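Chain by chain, the residues:
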Amino acid sequence: MSGPTALIADDEPLLRERLRSHLGRLWPELAIVAEARNGREAVELFDLHAPQVVFLDVQMPGLNGVEAARSIGRRAEVVFVTAYEQYAVQAFAQGALDYLVKPFEVERLADTVQRLQARLLQPRDSTGRPLESVLDELAAELKRRAGLDGSARRHLRWIKASVGSTTRLIPVEQIAFLRSDEKYTLVVWEGGEALIRKSIRELADELDPESFAQIHRSVIVNLRQVSQVDRGLNETAEVKLKNRNDVLPVSRSFVHIFRQM
Amino acid sequence: MKASDTAAIAPSDREPSSLSGAFTLPRVGIALALAVLLAAALNPIYVTPFPILLGRMLVIAMLLLVAFTLAGAWRVPGLPRWVAQVVAVALVAPIATFLVYLPSIWFPGVSRLHEGYVTGYTIIAGSALVIGPLLALGALYRERDAQARSAALHFELERSTLEKQALDARLKLLHAQVEPHFLFNTLANVQALVESGSPQAGPVLRSLIAYLRAAMPRLQSVSTTLGAEAALVRAYLELMQMRMPDRLTYRIDIPEALGALRFPPMALLTLIENAVRHGIDPSEDGGRIEVGARRDPGDGRIRVLVQDTGVGMQDSAETGTGLANLRERLQAFFGADAALELHEVVPHGVRAEIVFALAEDNTVDATPALAGARP
Numbered sequence: 001m002s003g004p005t006a007l008i009a010d011d012e013p014l015l016r017e018r019l020r021s022h023l024g025r026l027w028p029e030l031a032i033v034a035e036a037r038n039g040r041e042a043v044e045l046f047d048l049h050a051p052q053v054v055f056l057d058v059q060m061p062g063l064n065g066v067e068a069a070r071s072i073g074r075r076a077e078v079v080f081v082t083a084y085e086q087y088a089v090q091a092f093a094q095g096a097l098d099y100l101v102k103p104f105e106v107e108r109l110a111d112t113v114q115r116l117q118a119r120l121l122q123p124r125d126s127t128g129r130p131l132e133s134v135l136d137e138l139a140a141e142l143k144r145r146a147g148l149d150g151s152a153r154r155h156l157r158w159i160k161a162s163v164g165s166t167t168r169l170i171p172v173e174q175i176a177f178l179r180s181d182e183k184y185t186l187v188v189w190e191g192g193e194a195l196i197r198k199s200i201r202e203l204a205d206e207l208d209p210e211s212f213a214q215i216h217r218s219v220i221v222n223l224r225q226v227s228q229v230d231r232g233l234n235e236t237a238e239v240k241l242k243n244r245n246d247v248l249p250v251s252r253s254f255v256h257i258f259r260q261m
Numbered sequence: 001m002k003a004s005d006t007a008a009i010a011p012s013d014r015e016p017s018s019l020s021g022a023f024t025l026p027r028v029g030i031a032l033a034l035a036v037l038l039a040a041a042l043n044p045i046y047v048t049p050f051p052i053l054l055g056r057m058l059v060i061a062m063l064l065l066v067a068f069t070l071a072g073a074w075r076v077p078g079l080p081r082w083v084a085q086v087v088a089v090a091l092v093a094p095i096a097t098f099l100v101y102l103p104s105i106w107f108p109g110v111s112r113l114h115e116g117y118v119t120g121y122t123i124i125a126g127s128a129l130v131i132g133p134l135l136a137l138g139a140l141y142r143e144r145d146a147q148a149r150s151a152a153l154h155f156e157l158e159r160s161t162l163e164k165q166a167l168d169a170r171l172k173l174l175h176a177q178v179e180p181h182f183l184f185n186t187l188a189n190v191q192a193l194v195e196s197g198s199p200q201a202g203p204v205l206r207s208l209i210a211y212l213r214a215a216m217p218r219l220q221s222v223s224t225t226l227g228a229e230a231a232l233v234r235a236y237l238e239l240m241q242m243r244m245p246d247r248l249t250y251r252i253d254i255p256e257a258l259g260a261l262r263f264p265p266m267a268l269l270t271l272i273e274n275a276v277r278h279g280i281d282p283s284e285d286g287g288r289i290e291v292g293a294r295r296d297p298g299d300g301r302i303r304v305l306v307q308d309t310g311v312g313m314q315d316s317a318e319t320g321t322g323l324a325n326l327r328e329r330l331q332a333f334f335g336a337d338a339a340l341e342l343h344e345v346v347p348h349g350v351r352a353e354i355v356f357a358l359a360e361d362n363t364v365d366a367t368p369a370l371a372g373a374r375p
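Protein chains in written order, with the numbering used here: chain A, 1 to 261; chain B, 1 to 375.
Be aware that one or more of the hints could be misleading.
What the hints assert, rightly or not - Heads up, simulated DSS-like pairs for lysine-lysine below, C-alpha to C-alpha not over 27 Å straight-line:
id, chain 1, residue 1, chain 2, residue 2
1, A, 240, B, 164
2, A, 160, A, 183
3, B, 164, A, 242
4, A, 160, A, 242
5, A, 183, A, 198
6, A, 242, A, 198
Rather than coming from a laboratory, the hints here were simulated on the basis of the structure. It should be emphasised that the depicted structure is a prediction, and the values quoted were computed from it without experimental measurement.
Chain A extracted, bound-state conformation (with noise of 0.2 Å):
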């Protein structure tokens, strides 16, 4: 077996420069055999070449490298290249994987050769690692931060909508209310008034029922925008907004949305 193989994995391409030339300094007998930008060409790269070692940045675009670490799984030694501060460190260090942090001192990268030195003298052993639920709960912890909650159902944050010649792009706590208007809804927001092909009903699914509350068979409100809901007669209440003129009729059966307010 020819000397150690190694891959690199960062979006940016000086970042991973330095990374090589230090390598080679402190490491001569390593052949970096693939240099990635992104997490799908590293696992695509990986396949390709079976490097014993891989050097993932961490927030990479399309498929970041934890990922990309949960695809390669076993099969190498990953050490995590990452700018993220001290929790998700931790959480790093306890899976018993390397890391650093950028920017990386030369000593410390040295710490890590030798890690690694030790580490590929040793047969490769394949107990003890609670590899996957440490990157699944870091995945899980990325996917937070960029805003993509997988766990939970996404709820629609924006709502796509042509006015004159280009496409609006309508974030929900704009919207004062959704009324259907023949094959289309209407909605009003903020900023004006637009037609869109969902329907009352879809939208009722896809909307955040913590802010938004269908009142009519017809009508959505968004319910951080009601000013108040007068009583009337027959069980039915009428709905007004902040800021507007328009009153909102609640049929019968919606009216027990408001009846605990």
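Fit chain B to the known structure of chain A by using the hints.
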């Protein structure tokens, strides 16, 4: 009614919200009380029994009040409301008096038309003619006074709300710090340049210093110019391009004439950071960022835009507090009309536009202290 007329007589000319709203209890009370007083005052010189006299007075007072109220609701083009109301009261005074005398005149056998009626009619109609319009003017004056007070109160409320919003926005800005992630990744790149002895190290450090100076909360001022913001954005984009040369290209094109416009600090940068973080950074292929500004030829408003060809906005992507804060800050700075619009770019990407009206004092002269404070 012409718009100029409306403006000239506002706010006293605002329509009462409804007819019943104008027919208030205090008004009815005052009208009735005056009728009683007048009846009592005239009683000695009348042969008519007091109850009949009082009845006549009360009916006249009510008729005048009805006339006043109806004239207020009935808008005559070109005629201010208060004139209509006073004239209506003056016109109705003799007619109302005539009406209350009708039964006495027509009841055959009860009484006959004689000189006493004419005198009585003249006295009552005369007093109604004098007191009615005076009372109407008084009521109108009170109404205007109340409206002015409510307008002042409303204005005060609006002002304090705006002040609070401006303060909130400022506080939020103070809390918005340089992201450690960005800083350490950038420093790692600078370190790589320095270690390799690259001539690029110097310029990159300059960009980093310019960025940090502008982004440090303690060094921020209340207002900057669009040109200075563009310089800051250039520094930031230079840093990002050093970090991802194969994934980011950009162009900044702010016309010189617009560079002197007052602008809230960090507003443009927030949009650029957003475009990088949510558009370019998640994309393996990266994209292009274009920054521009123009005056809308239609409405004369200024549009500052940041367009990226990144991954675009997912329906469920977190909106983030950054953009909501920015919207608040823009409105606190430029007024409630200022808007932050987001548009989808085809085939993928987002265009953010800051839209605001050009205030008269929006020149570089308005902020002389800033000229030296900015790189």
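Evaluated hints:
{"no.": "1", "hint": "A/240 with B/164", "verdict": "25 Å, holds"}
{"no.": "2", "hint": "A/160 with A/183", "verdict": "17 Å, holds"}
{"no.": "3", "hint": "B/164 with A/242", "verdict": "18 Å, holds"}
{"no.": "4", "hint": "A/160 with A/242", "verdict": "23 Å, holds"}
{"no.": "5", "hint": "A/183 with A/198", "verdict": "9 Å, holds"}
{"no.": "6", "hint": "A/242 with A/198", "verdict": "25 Å, holds"}
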